[in-house]
Amino acid sequence: MATPGTTQEEFTLDTAAELAAEEGGSKIEGKSPWELAGRRLRRNYTALVSLGIFLLMCLVCALAPLYTSHVSHLGPTFANAGGVIHENGQTIHVISQGGSSFSKNGQVHLTAAGIPIGPQWGASGGPYFFGADQLGRDVGTRLLYGGRNSLLIGITASVITTVFAILLALLAAYFGGATDWIISRFFDLIWAFPVILLGIALGTSLSINGFHHGPINIPAGSLLIPIAVIAFVFIPYIGRPLRGQVLALRNREFVEASTAQGAGPLRIMFTELLPNIASSVLVLFTLIVANAILTEVALSFLGAGVQPPKPSWGTMIADGENNLATDPWLAILPGIMITITVISLNVFGDGLRDALDPRAKVRMEH
Amino acid sequence: MRTKRVRSVAVAAVVAAGLALVVSACGGSGGGGGTSATTSAQGQTFSNLKVVWGTTDYMDPGLSYRLESWQLFQDVYLGLVAKRYGTCGVGAGCTKIIPAIAQSLPKSNSNGTDLKFTLRKGLKYSNGETVKASDFKNTIIRDFKLNSPGIGFFSNIVGIDACEANPTKCSSISGIITNDNAGTVEIKLQQPQSDFLYILTTFFAAMVPSSTPQKDTENPPPAADGPYYIASYKPSRSFVAKRNPHYKPIPGIPTGNPDQITALMTADLSRSAQLVQSNQYDYDENTLPTDRLKQLQQKYGTQIHLWRTPSTYYFFMNQRTPPFNNIKARQAVNYAINRQTLVDLRGGLGVPTWNFLPPTYPQYKKLNPTPYPYNLQKAKQLVQQSGTKGMTVGVYTQSDDSQAKAQGEYLGAQLSKIGWKTQMHEIASANYFVVVGNQATKAQIGFTDWYEDYPYPTDWFQVLEYGPNIHQIHNNNNSNVNFKDTNNAINHLAHLPPTQAFTSSTDNAWANLDKTLMTKYTSEAPFLNAVITSFFATRMNPQCDVFTDLFDDPAQMCLK
Chain A
1 MATPGTTQEE FTLDTAAELA AEEGGSKIEG KSPWELAGRR LRRNYTALVS
51 LGIFLLMCLV CALAPLYTSH VSHLGPTFAN AGGVIHENGQ TIHVISQGGS
101 SFSKNGQVHL TAAGIPIGPQ WGASGGPYFF GADQLGRDVG TRLLYGGRNS
151 LLIGITASVI TTVFAILLAL LAAYFGGATD WIISRFFDLI WAFPVILLGI
201 ALGTSLSING FHHGPINIPA GSLLIPIAVI AFVFIPYIGR PLRGQVLALR
251 NREFVEASTA QGAGPLRIMF TELLPNIASS VLVLFTLIVA NAILTEVALS
301 FLGAGVQPPK PSWGTMIADG ENNLATDPWL AILPGIMITI TVISLNVFGD
351 GLRDALDPRA KVRMEH
Chain B
1001 MRTKRVRSVA VAAVVAAGLA LVVSACGGSG GGGGTSATTS AQGQTFSNLK
1051 VVWGTTDYMD PGLSYRLESW QLFQDVYLGL VAKRYGTCGV GAGCTKIIPA
1101 IAQSLPKSNS NGTDLKFTLR KGLKYSNGET VKASDFKNTI IRDFKLNSPG
1151 IGFFSNIVGI DACEANPTKC SSISGIITND NAGTVEIKLQ QPQSDFLYIL
1201 TTFFAAMVPS STPQKDTENP PPAADGPYYI ASYKPSRSFV AKRNPHYKPI
1251 PGIPTGNPDQ ITALMTADLS RSAQLVQSNQ YDYDENTLPT DRLKQLQQKY
1301 GTQIHLWRTP STYYFFMNQR TPPFNNIKAR QAVNYAINRQ TLVDLRGGLG
1351 VPTWNFLPPT YPQYKKLNPT PYPYNLQKAK QLVQQSGTKG MTVGVYTQSD
1401 DSQAKAQGEY LGAQLSKIGW KTQMHEIASA NYFVVVGNQA TKAQIGFTDW
1451 YEDYPYPTDW FQVLEYGPNI HQIHNNNNSN VNFKDTNNAI NHLAHLPPTQ
1501 AFTSSTDNAW ANLDKTLMTK YTSEAPFLNA VITSFFATRM NPQCDVFTDL
1551 FDDPAQMCLK
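Taken in sequence, the protein lines are chains A and B. For the first sequence, the working numbering gives the first residue as 1, with consecutive numbering after it. For the second sequence, the working numbering gives the first residue as 1001, with consecutive numbering after it.
Hints are computed from structural coordinates only; laboratory data are not their basis. Where hints are given, some of them may not hold.
[Claimed, not checked] Mimicking DSBU-like on lysine-lysine, the simulated pairs with C-alpha atoms at most 35 angstroms apart in a straight line are:
#1 B:K1389 / A:K310
#2 B:K1380 / B:K1050
#3 B:K1560 / A:K104
#4 B:K1328 / A:K310
#5 B:K1515 / A:K104
#6 B:K1248 / B:K1116
#7 A:K310 / B:K1366
#8 B:K1515 / B:K1417
#9 B:K1442 / A:K104
#10 B:K1215 / A:K104
#11 B:K1145 / B:K1248
#12 A:K104 / B:K1188
#13 B:K1520 / A:K104
#14 B:K1188 / B:K1248
#15 B:K1215 / B:K1242
#16 B:K1380 / B:K1515
#17 B:K1378 / A:K310
#18 A:K310 / B:K1169
#19 B:K1365 / B:K1484
#20 A:K104 / B:K1484
#21 B:K1234 / B:K1378
#22 B:K1145 / B:K1215
#23 B:K1116 / B:K1137
#24 B:K1294 / A:K310
#25 B:K1484 / A:K310
#26 A:K104 / B:K1294
#27 B:K1050 / B:K1107
#28 B:K1421 / A:K310
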């Protein structure tokens, strides 16, 4: 990922005349920049539909407990490997049974086993609507709970990343000098590592025994570990472009005026500079959420994110990989969920950027 | 040894007599059916056998402790004696030992502490060097210098103490006396040891030239004294084995059918099967993937062979830490697992077991009635009675072995059902046994398996269930089993006079030990004995397939 076009020289704020020219004749007098952005966003139906899809996805995943209690009647971690279901008077094993037997001459006879039942589409009265995984867990239930975990991690990590990135960017750009040098080198240091490799290194080491230092005690398997790891690795990806923008702003007249009025650094940073980078923060946040979800999926797929038996879309794909030949839906279903979520977020993020700053140069390549 | 995994260095000396009896037992009944060994290549030779092979740890016989290497080594590196090259079936048939580099099985004194071998004449390594008696001694010294995982096997040899104290400085072993001119090797043991001849069949005792560098030698691996030598090896990618141009046929050891064995190495079971299914390769060394077993079996039934193995898969329960220092907790685990389900999770490739010793052993006696039938309700009661309900239990398993992962996660799910909170720890198989074998990890419960190194119960009870064999790191006794009476029993059985080591009463004593550990102490939760697959391409004749106890013999494979 990179954010070209965000250097001090390239950054500009839209003037009223420029904005008016881009509004296609619509009146802009008396409208705040946010109102104008809202108007542009409302006209962008693709972005709105994408936002709707994303919110629908969040809503569906949030309702996972309802699905469990009213439809599947199986919890997300309930393994029913030796269990059966009844369908049209027939008893069906959730995992096919078999085994090996031996004849007197030593020959082995195998009845192959271990294949989970496929989607029942409601024929079983609720359980296994989307089939079972290799441990007899309900795929539908895990898909929703997995989505909850993936979205929770993605969004929470992005919030943490954004907060830290804003603070560091403001400090670095406002104070400059040694503060800027230290923070910038910190950004460079993290930036130098490929996100996934750094995530794997941190996630693997923390997932074995957790994090126990001083008053902080995070047990192994806690969702806080992937949240912290993902939040950490993405800080420079927001921090660096924001620092560039703040650098461009700190010598502008309105900052000098505020200084002349006796405002202190904190006041200038949070009441003058921060509102002026808010639109970029919003756009970058939207895009980083999509990246954080993808990173969570990748880390969980590789065993360095969400730890079993908790579900996530990444662990579900990893589990399903072993059954691709016979039960491809185990990997395909979470894959579809990820694709829909990430595309909807990215399309909405693009629309939001166009609305907030039609000539913006802030881009995230991913 | 464990599948695809290294085990620890420490194997205490088993002290029991019986070499003469071992020899007689080994030459005894032929066990179950199967194809007999082929020792002549006449008429069945072909130019190149293309195989897909699992990845391994080392390709040096002094260092490797994995099935994948040992399967190839059986046709490459020979020791003084070797295990029989034939399908062994079940029981005593699997225990036969034949002379290899030695002319005959050793002459020994009455208590078996002084073994004398005479080497065959005119044998040469693949690099042209003559096979000398002193090579045996230098091979053992080299093992120590390499800090080989097998050095614990030799701890009963006279004069080994200095080498054990400082392996990398090992320079001489007074208990191994060799004479290159006469071609004799004499091994003096501190005390009788019933399984010593079996230990000499492991590849840690397979002879390499004295000129072999005393460091990991893999590219190419050390010169061979067997019918093939390894011409090249690219770790995790490929190897090529060719006929040893200097090999002089030895009775009982197949000269081999293919002139060359070319291997692609991969740990991907699906890819492995696909390459053989499409006839790009002739033989799949990896086990067939669970999800495709049924389909492949239906379509290629005659090209697939199934073999029972001397193995036990079990869940260890660390008795040094709660809750498993309480026998009720251990019993609860045994009641909570449905062994048939665990077999199903392996695709059906296994047989449920409650014994620790596998049924391939003459010492095996099936526990009857089944001591722990699947009973979740009883398991819940036992957890309640143990006073550990609600405790957090860390469950360990492997992250990249789909079957071990499924079995470990199943265990975690069952423990949650009976009243414990579980926390899964999934670790890559390359590091798994290092992590759980370190006492600092305090691994409470988890997946493990064991495949025999040699067919005698000491390889099970003394290595895995013997208190004095608990170690701080590289610990194979993952449950930290340490009971005074079973320790004494193991010690006693290992010290029996020669005339009793292989009698039915001794077999019964081993069987009773198995029963005591599994029922009185519930030291482990064994769940299955594994079956493994051999998959051949259509040009191959599966009738030639010879399964030598642990693996197929590639040298004896032939075309249709």
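Inset, instruction - Compare the structure with the hints numbered earlier in the document and write down the numbers of the violated ones, lowest to highest. - result: 2, 7, 9, 10, 12, 18, 20, 21, 25, 27
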